[in-house]
Structure formats: structure tokens, C-alpha cells
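Asker: One-letter residues, chain by chain:
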Amino acid sequence: MSKPFTPKVVTANALLEGDVVYLTADDQWSRQLADAEVIEDLAHGDLRLLDGSSQPDVVVGVYLIDVALEDGIPQPTHFREEFRTRGPSNYNHGKQAELF
Amino acid sequence: MYQYNDFDRDFLAERNAQFRAQVERRIDGSLTEDEFKPLRLMNGLYLQLHAYMLRVAIPYGTLNGGQMDVLADIADKWDKGYGHFTTRQNIQYNWPKLKDVPDMLDALGEVGMHAIQTSGNTIRNVTADHFAGAAKDEVADPRPTAELLRQWSTDHPEFQFLPRKFKLAVTGSANDRAVIKAHDIGIRLLTRDGQEGYEIIVGGGLGRTPMIGKVLREFLPKADLLPYCEAIVSVYNLLGRRDNKYKARIKITVHENGIETIRDLVEERFALLKPQFGGVDQKMLKDIEAQFALPEFKTGSVAAFKDAYHTDPVFRSWADTNLTAHKNDDYSIVSISIKKHGETPGDATSAQMREMAAIARELAHNELRISHEQNVILPHVHKSHLPAIYARLKAVDLATANIGKISDIIACPGMDYCALATARSIPVAQQIATRFDELKLEHEIGDLKIKISGCINACGHHHVGHIGILGLDRAGVENYQITLGGDHTETAAVGERAGPGFAYDEIVPAIERLIGAYLENREDENERFIDAYRRLGLAPFKAALYPEVKADAA
Chain F
1 MSKPFTPKVV
11 TANALLEGDV
21 VYLTADDQWS
31 RQLADAEVIE
41 DLAHGDLRLL
51 DGSSQPDVVV
61 GVYLIDVALE
71 DGIPQPTHFR
81 EEFRTRGPSN
91 YNHGKQAELF
Chain W
1 MYQYNDFDRD
11 FLAERNAQFR
21 AQVERRIDGS
31 LTEDEFKPLR
41 LMNGLYLQLH
51 AYMLRVAIPY
61 GTLNGGQMDV
71 LADIADKWDK
81 GYGHFTTRQN
91 IQYNWPKLKD
101 VPDMLDALGE
111 VGMHAIQTSG
121 NTIRNVTADH
131 FAGAAKDEVA
141 DPRPTAELLR
151 QWSTDHPEFQ
161 FLPRKFKLAV
171 TGSANDRAVI
181 KAHDIGIRLL
191 TRDGQEGYEI
201 IVGGGLGRTP
211 MIGKVLREFL
221 PKADLLPYCE
231 AIVSVYNLLG
241 RRDNKYKARI
251 KITVHENGIE
261 TIRDLVEERF
271 ALLKPQFGGV
281 DQKMLKDIEA
291 QFALPEFKTG
301 SVAAFKDAYH
311 TDPVFRSWAD
321 TNLTAHKNDD
331 YSIVSISIKK
341 HGETPGDATS
351 AQMREMAAIA
361 RELAHNELRI
371 SHEQNVILPH
381 VHKSHLPAIY
391 ARLKAVDLAT
401 ANIGKISDII
411 ACPGMDYCAL
421 ATARSIPVAQ
431 QIATRFDELK
441 LEHEIGDLKI
451 KISGCINACG
461 HHHVGHIGIL
471 GLDRAGVENY
481 QITLGGDHTE
491 TAAVGERAGP
501 GFAYDEIVPA
511 IERLIGAYLE
521 NREDENERFI
531 DAYRRLGLAP
541 FKAALYPEVK
551 ADAA
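Residue numbers (full-length UniProt numbering), protein chains in the order written: chain F, 1 to 100; chain W, 1 to 554.
For reference, chain W alone in the conformation it holds in the complex (with noise of 0.2 Å):
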């Protein structure tokens, strides 16, 4: 993986000193808050609900076992011994003090790590694939491509105040894990009659207007990326709404002047730009790749991991649960459920942290990954250590069988933390998780993507759950907005409303309500309930959820 050189150490050092110096003047009242808002956020600095927040960047989530130590060190000594993953490939911890961020930023800069550019209307952190590397379906490894863009957008001078935040997603796969259609510009790395490229998707976006990206350019050739994607956030800084914030992001610039116009304007833009690069980003980019060479795999025995599974059906559960197939045949892709039954989706302590610090470090290449669906990858695992491995987590709490399953819920903070939320998230992924384990229904019902976001921005991506669920502020009151069929992959889809949104203890059994429907109507035990909407549509479902209206009719 990618490890900074002198001038990204400078950097960091550089950056972390002015802002050190800029919490100190706003200490001392030499800075009001009105001056000193923008320079938190640039820093990943939020005021939240009950304490500040740090919004760490884990750059296209890749981090190895001693950047998880600090992560893990940094909870315990200025926060509350945890810290949440999130949608976005970051981690925030949620009590640190003003005075202790610029340590908090100095350890983190230590090893690599920063909080830059996690806020605020610039190119946020560059998210991928999570299996990036590993994934036997992947044509390359698409983190080469999101270190250059990192390097390109971070401090790019032209891009500190655009109409609105800016995303990047980048995957190598065309199964598409890093929702790269909901992304301002999502890219993915193919090859075309023997050349490498990309194709480069624009606009595509949740929140209160959702909208699938589109595609501006079907294949470009490799060596025009950083152009070609500075070409794009030119034209929207200049062209990009800044009257109105809701629309302002670069979807609706998208939607009101047409992708054909954008296309034209991007295509001048970069006609100029492109000489101007002069081959030293693809040098760059040269570098970088070698740095993200594979590990060196080990060869030898399976048999222990065999017998295991033959042996031992809990072991067996979580393996066919939690395993992904690797590019190695003797290697697996270990995902790590940070959703055990009843906790908060996302939320990892110090101990589990360095735990599975640990065993990256002793067991599976040092590498670890974040993934969009906040949880905690181990890309490189020899089959031979997932016995070991399996017990290890289990000890920690961490060896939830649920991977894809109805209880790995993405949920937002909400209102237990944000200020942004119009209702809670988390207490309902709770509820929900804990109520299918009672019923032991989780493996019966099979591969599920429920969503959950305490307010219309979507940080819960509601939108593109299977199940989506959306919280919102009714005259007072906490009201969950249902929607169906929503896709995150490369058939990316937005849900449909179901109709009248739940009260808060209303919602869980409405979710009971509507997995019975699908448990009554399905084919069998392999159409999945996405597949079953899709046949059937919203009425079976919405009978389900809404049987009163069912039995006024009669």
C-alpha cells in the first residue's frame, strides 16, 4: 500500500501546525466562530449534537495494522474508547474536545493518516471497492487510481469552494461494490481491445434529489484521467448552482443542462487541460502502482481449513456467511461483521480495533480494509488461518455470521449524534437486528440490503437499500418513510415510496410485516427479496405493510 513520501509527511506536518495555531486563536477569542467554522470543517472538524466530532479519512479504505493501533489508541486517549466506520470510508469518533484535536491530527499524521478535506464543498475522500486487490472478479486494482486522485484533489487550489461537496468512488470490477452510480464521478477501470481506461460515470448522487449516474464517456484512455476529471470539476465549479444549496451538487447541474451539453463543455475543457499534464501524473501514477503491488502469497495446506468446515457448523456458517472468493484459490476474503445483533452498525472499540489490527499483522498481509457498508475487511487470509482467525474474532465480539444478511445494516448516526438528523437511525437497525435474531429468520430469508438515514441527505444511502428507510420529523413526532427496491450495484436503482411513513414503534413491526409478504410470495429460497419485488411489485408489499387499509376497502 501506498506510504507517504517526504513532501506528503511535510505536508501533513505543515497543515496540522496552522490548524493547531487556529484552535489556539479561536481559544483566545482572536477568532470568531464565523472565521474559524471553515477552517474546522477543511480539518474534518464537526459541531454535532452533544460534542464535537472528527471525521477521519480512511483514503479508499485501505490501512494496515499499526494505522488501526492508532486509530484505536486515538479513542481511548481523547474520545470514549470506540470509534464508527462510515458510509463514506471514514471514521469519526464523537467526543473529542477542541483543545485535543490537534494531537489527535499529529497522531494520526504519524502514520499517514489526515482529516483533510472531510467536510466541507470540496473533492471529499476517495472511496473504492473494498475488495480492491483481492476480488477474483476485479480486471485491476482500482487503488492506484484513487492514491493518484487523492494526491490530485488534496489542497488542489481550484477546487477549496465549489457549489458543493464533491465525490469520488473508484472500482476495478464490473460488480460494482463502491456504488460508484450514486457518486459525483464514479470511474471504473476496464480494458478495451488491449488498452487500460475507464469509464466515467457522472452525476450520480443520493440525498433529496437521488439520481443514477450517467455515463459521459464510455471509454477513456488511461493516461487522461487526472485531466479529464479536473476538466469535469472545472466545468461544475464554474457551472454549478451556488443560488440555492439543494441545488447545487454536480446531479443537478447534470440534469438541468443536459448530459450532452456537459459532455461538450468537459471535452473543450480538457482539450486545453490535457497538455498541460505532460505525462508527469502518469510517472506518478507508475510509482504509486508499485507500491500496491500484491503481497507475496504463501503456498501450502488448506486441509485445516477443510476439516473445520466438515467439523464444525457454527465455523461452517460463518465461513459461507462471511467469505468472499480471492484471486488466490488458496486465499479468502474475510469480512468481518461490525454488526453483531443489537450493537451500532459501524462502531468498533479500542480492543476490537487492535484486535483485528493483530491479527492482519500475524495472519493476513497486514492489510485491512473499511467498507461503504461499515465493516472491517481482511483482503489476503491463506485458508489455512480462517480457523484461527474465526476464534480470535469470536472473542472479541466480532464474528457475526451476517454478512449481506437482514441484520448487516447500514444506518447514519441520526439524531443520537448528528445535528443534521431529523430522526434516530441507530436504535432502529438495532430493534430490527435483534428481532429477526429472536426469530431466527436471518439465513432463511437470505441476502438483504436494508438501509436506514435519520434525514433526507441520505448519509444511510435509503435510497438504493433493498429495504430503505428514511427518518423524518412529522409535526414533532419521529415517522419512518419506507421505500422498496433500491440498488446500490452496477444495476443501480432507487427505491419506490411504499406510502405513509411508521411511528417509531411502529416501524419494526412493519418490517416484520413486509419479510413475511416476502417470505409468503417467493418462488423459493433462491430469489432473493430484491428478485421477489421485481417480479411481483409493490403490491403484494404494500398489502403487507398497510393491512388496514386492506381491511377498510373489504
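If we strip away everything but chain F, and leave its shape as in the complex, we get (with noise of 0.2 Å):
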């Protein structure tokens, strides 16, 4: 049997300011990882891959990361993907500040 599939999101950053987005449903980027697009199959995954990544002249470095689904709402699995989630630990700069 193979191993389930672990959920996906689709990333990137944003050309124009450099932060990190998250591909929705709706083919949109948000700045937030609850809004994401929660990608349960492979096929899918790879599909979704190519539609954020034909989006060059808003989106740079398009690629999937693993998400635990957490009452329905994708958390990052690993730890440079939770830094992304809010910024960097030694100022309140990027998401952190701007967002919570």
C-alpha cells in the first residue's frame, strides 16, 4: 500500500514586495496560510503547481509545502515553513506585524 497522502499547499513569494502568498482556491495569492488552498491528492497537487507558477508577473519561486490540517485550518509542518508563516524571530517585522 502506498504511504497516504500528506496534505499541500501551493507558496511563493510576491514579486513585487517579496512576501510570502498562498495560493487559494479561487486562483488568488494570499498573505495568509488559513486561506490557502488545502491540496489532498497528487494529481491535484501537480495541477495546482502549474496553474500558481503561471502567474510570473505576480508570483516568484512557486512551490508546494506540507500542511497538517488542524480543525480544518493547514499549519506547516516544518519549521522554515512556520517562520514564513510570521517573520523572523529577533524583530516584530513581516506577517507577525502585519497581520496578528
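Hints may be right or wrong, so weigh each one.
Stated by the list, open to error - As a list, the in silico BS3-like pairs of lysine-lysine whose alpha-carbon atoms are at most 25 Å apart: (1) Lys95/F / Lys77/W; (2) Lys340/W / Lys283/W; (3) Lys95/F / Lys80/W; (4) Lys95/F / Lys394/W; (5) Lys99/W / Lys77/W; (6) Lys97/W / Lys95/F.
As the list claims (entries may be wrong) - Just a sample of chain F residues kept apart from chain W, beta carbon distances all over 10 Å, derived: (7) Ser2; (8) Lys3; (9) Glu17; (10) Glu37; (11) Leu49; (12) Gly61; (13) Gln75.
If you're looking for bench data, these hints aren't it; they were derived computationally from the structure. Backbone N, C-alpha and C define an ideal beta-carbon position, used for all residues, glycine too.
Please assemble the complex out of the two chains, which come individually in their own frames, going by the hints.
Answerer: See below:
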């Protein structure tokens, strides 16, 4: 039996501001991971990665990240992605200052 | 210091205009990211974890008050009010917006600064001893040589697409403060039989395969510098590997081919190149040297310094720790610590930058330096000004008396900013500094170099730290490896791995145990950590780091 699929989200950096963005179900880019479309299977993941990559005038460096669902809301599973959801640890800059 | 001439200004203005057009074309969609990326990197613009980052060169670490003011203005106008000084004498802005970068570069151009070749597979910012021109122990000022190399390497048509990046460092002193043995080419000024020249070291580097540089030429006559460096880089350009990024630096080329083969090839190429230079480079060097004349030193009583030294113990502690002997006995070199306990190593606010600029202008011959250890230097200070300078630094939180001590830590940006990082470095540095400040052990411990990198690329120089810390990602968790016995000076050595790594919340207690073992085992307070390590070897330190292993074996 193959390994169960880990849910995924498409992420990138915004071209103009450089900040972290996530692909939503309606092909928009959100600054918040909670808004992201959670991808539940491999083929759909490949497709959404292509969809994200087809907006090179909006975003840079599109890739898939693993997430875990907590009460239906995606949370990063790797510490690097956790840092990307909030900003650096030495100052209250980035998303943690702008969003929360 | 060097003043831009019309050629320099025109070149920079044209280059900035080109980049402005490239940014516009990227934003309007005419350029793809694949097309734009090499162009932005050539101009020092990276995309990091949370934002873009602009890396600005401070050639050989030298700048004046007006330039420091502009660095502060840029921080306020287009960033978040601070800048980060790096181990390669650059300053990095962590939050620029793409559309603002051309304006930032124009502002830099106004004061003769730029971000060219601070990235990419080309010759990077030429670095030098941060005490250049002031140090008592120096043979000659390395900066004219560094400026000549900067002019030669900037936009050098043959060297824009090297196999990998290429770093040069220059020192004018036998006491190496520029880490020349960990550079692609390390250059040391010396005189032999009354003749000026250079020792040329090649193939040093840190990163995933740390190597100490090897002597390529024991003595190169002064006039031969540019053709000889051009010969080295062109031999590397052809011979260096392009099939594997991790084997592409010249240290691997030297290692795989042997220093003798490299020497023969360089000499052969040098014989061809030398006649082509025809002396124009030496004429340029003469003009450059004239611009690095020593300031007109002030004469007068230094009693104010002596009085403060004897009456104010806090000032005395700072003076004992942060001052270095100057070639003029009435002067001192002041190291301003950008490492206040608990703060980010190398980060200065715009207000701090402006105050350092003002102090330099008013009391220190308008000169500032950035050190590879991420501090700021006032190279020429008449001792009578020291009490006033100390008071002004204290008012802006810049009077920490910790130069060369346990909290004077080199730390790369790590995973708080860098897209390449595998773990955080800044909070580890902050916690070590805070912890030993709480313990009030800093001055008891004495001279110690802790250097922290957040990935194998070793921007934080961990290999050459007395204590090196390398942050890694082990199965999705931050893990920190400790190396011991590294040395960044003329007796350069790569540290030895102490054993298994430590988790994020275990690394500071591990360092505390290590320091405990040092204090317990040192002969006396004059034996530095590194000397105790050399005398005793790894064993007592390993036992302190891994007490459970010892307990299990018992």
C-alpha cells in the first residue's frame, strides 16, 4: 500500500513586495496560510503547482509545502514554513506585525 | 580615502539606469524571472524568505560619515530603519520592495557606493583589515591595493561568469585580521630586501569543504599584482569545475590539481599577461595611494583620557576591551561593538548609524570602518576625545565593552532571513550573549571567538571560530553541531567537530558546560580558551559537552 498523501499548499513570494503568499482555491494569492487551498491528492497538487507557476507577473519561486490540518485549517509541518508564516524571530517584522 | 572620478560616476549612473530599466521590464512582464534573476543578482538583489534583500558593498570596509548617513537614510526611507553589517564588509537591507531598489541604488551612487558584484559567480567585494591605515603593526596600508583590485574586478569582461563566486582579501599586517587564508585569493603586503611586494595565498575557503589557503607566491613584486591576479583568475576560469556547484570553487581546483600544477599554469599565463599591462595599473595605483594619505594627526594633551581612565571604572573597562594600539601613540583605534547583549549581531539602527557618522565627522577625521566581525571601527581617534566619544556611544546603546569576548559573536542571518539557511543563528547568538552577561562571566572568560552559521555555506565562519556552531536541519528539527579549535588568524585552522549535535533548546546549556570545563582546566586566567584547547585536546571539553555518555560508560 502506498504512503498516505500529506496535504499540501502552493506557496511563493510576491513579485513586487517579496513577501510570502499562498494560492487560494480561486487562483488568488493570500498573505495568510489559513486562506490557502488545501490539496488532498498528488495529481491535483501537480496541476495547482502549474496554475501557480502560470502567474509569473505576480509571484516568484512557486512550490508545494506539506501542511497538517488542525480544525480544518492548514498548519505548516516544517519549521522553515512556520517561520515563513510569521517572519523573523529577532524583530516583530513581517507577517507577525502586519497580520496578527 | 578614494574619491570617485568622472569615469566612476558615469559608469555607476549608466549601470543604475540599466538596472532601473530591467526592473521596469520585469514588473511589466517583458522579462521573465529566469531572465531577470541573473540581472538582479549582479546588482546585489536577492529574494529571501520573507522579502527581497539588497546587499551593498562597503569596499575594504571603508566609509566616511556622509556615506554612513546615506546608509541610514536608505534604512529609513526604503527599509525598516536598520541595516545588517555582514562578515564580508557589506551592509544588507532586509525589507526593500522591488520597485524601490533602483532609487536605493541611485541614492548610493550619489555618495560613491553600489551593490555591483555583491552576488553571482564573479569577483565579490574586496575586503581588507578593518584597522588598515591605523594599526601599529602594519607594514603598509592595504586599501590602495584593495581599491586597485576593486577597479580591476568591477565589470571585468572576462570574469562575469566564473565557475563560482570569487573572494579577495588584503592585509598589510603579519597579524591577519582579514581572514586571508579563508579566501579564494589572500594577499599580504610585505617588504623584502627593501622592496615592496605581496605574499599571495590561494585556494582558501569555508563552506561545505573548508580549506586553508596555500602559498602560491612567497614574494610577488608590487608592480606584478594585477597581471598575476588576472593570471590566477583566468586559470581558474578555464580549469574550475562547472559540472558540480559544490566542487566549483578554486579551493577544489587547487586541491584536485595540486598547488604545483596551478602555480605552473599561473606563471605561464602571467608571462603572457604581464607585458599587456604596460604600467598603466601602477600609475593608477600611485594616484590611488595619494588619496589614502594619513589624516593630519592632532597633537595635544591626552590628560583627559588618563583622568577618565583612572577615575571611571566603567570607562576603563570599555577602554581596556574596545581600544587597539594606533601607529600614533596619542591615538587609539576604537572598536564600536554592534553586539549589545541580546541584540542581533551586526544590526545598527539608522539613529545609531547617524551618531557614528557624526562622531566620525566631529572627532575622528571622518573615517569609519566595518569589520568582518560585524562591528564598526573609528580608526583614528585622538585619545583626548575618548571620554566624550564613549559618552556619546553610550547614549545610543553602542558602548558595550565586549570586543573579542564571548558575546562578540559572528552570526549569519540564518533562517530568520536567509532562503538557504537550514536553522536559525541570530537567536542562538542572542541567548549566548544574554546568558553569559547574566552570569557576569564575560571578562573572566577573556578572549574567545564564537562564530555561528545557519547552514553549511558558513557565512558565519563557524569553521574558524574557537567555538564554531553550525545549525542544521536534522529530520525536520533544528540541530546545532559544535566545532572546537578553529582559528581565523595568520595561524588559521579549521575546527574539529566535537560530537553529535544539540537541539535548539540544548545548545546554550552545552556552551555553558564547555565554558565551565575551560574555566576549570585552564592554567591561569592568561591562558585563553583556544590555548587551553590546544594544550589539552578535545577530551575534557567533550566530557563536559556529553556528560551522559560518560555516566553511561561508568
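Asker: Please confirm whether glutamate 37/F is truly not at the interface, meaning its C-beta sits more than 10 Å away from all C-beta atoms of chain W.
Answerer: Its Cβ never comes within 10 Å of chain W, the nearest being 22 Å, so this holds.
Asker: Given the hint that lysine 95/F pairs with lysine 394/W, test it: the Cα-Cα distance must not exceed 25 Å.
Answerer: violated, 33 Å
Asker: Taking the minimum C-beta separation from leucine 49/F to chain W, is that value above 10 Å?
Answerer: holds, 15 Å
Asker: Going by Cβ atoms, does glutamine 75/F stay more than 10 Å from chain W at every point?
Answerer: holds, 14 Å
Asker: Holds or violated: is the Cβ of glycine 61/F farther than 10 Å from all Cβ atoms of chain W?
Answerer: Contrary to the label, glycine 61/F does not stay out of reach of chain W, its closest Cβ about 7 Å off (not over 10 Å).
Asker: Verify this label for me: serine 2/F is non-interface relative to chain W, using a Cβ-Cβ cutoff of 10 Å.
Answerer: At about 21 Å from chain W, serine 2/F clears the 10 Å cut-off, so the statement holds.
Asker: Quick one, are lysine 97/W and lysine 95/F close enough, alpha carbons at most 25 Å?
Answerer: OK: lysine 97/W and lysine 95/F at ~15 Å, within 25 Å.
Asker: With the threshold set at 25 Å, check whether the alpha-carbon distance from lysine 340/W to lysine 283/W stays at or below it.
Answerer: violated, 44 Å
Asker: Do the alpha carbons of lysine 95/F and lysine 77/W lie within 25 Å of each other, as the hint requires?
Answerer: holds, 20 Å
Asker: Would you assess whether glutamate 17/F, listed as outside the interface, keeps its beta-carbon beyond 10 Å of every beta-carbon in chain W?
Answerer: violated, 6 Å
Asker: Given the hinted pair lysine 99/W and lysine 77/W, is their alpha-carbon gap at most 25 Å?
Answerer: With a Cα-Cα distance of about 13 Å, the restraint between lysine 99/W and lysine 77/W holds, given a limit of 25 Å.
Asker: Decide if the proposed pair is consistent with the structure: lysine 95/F and lysine 80/W, CA atoms, cutoff 25 Å inclusive.
Answerer: holds, 14 Å
Hints 2, 4, 9, 12, counting from the list given before, are not met by this structure.
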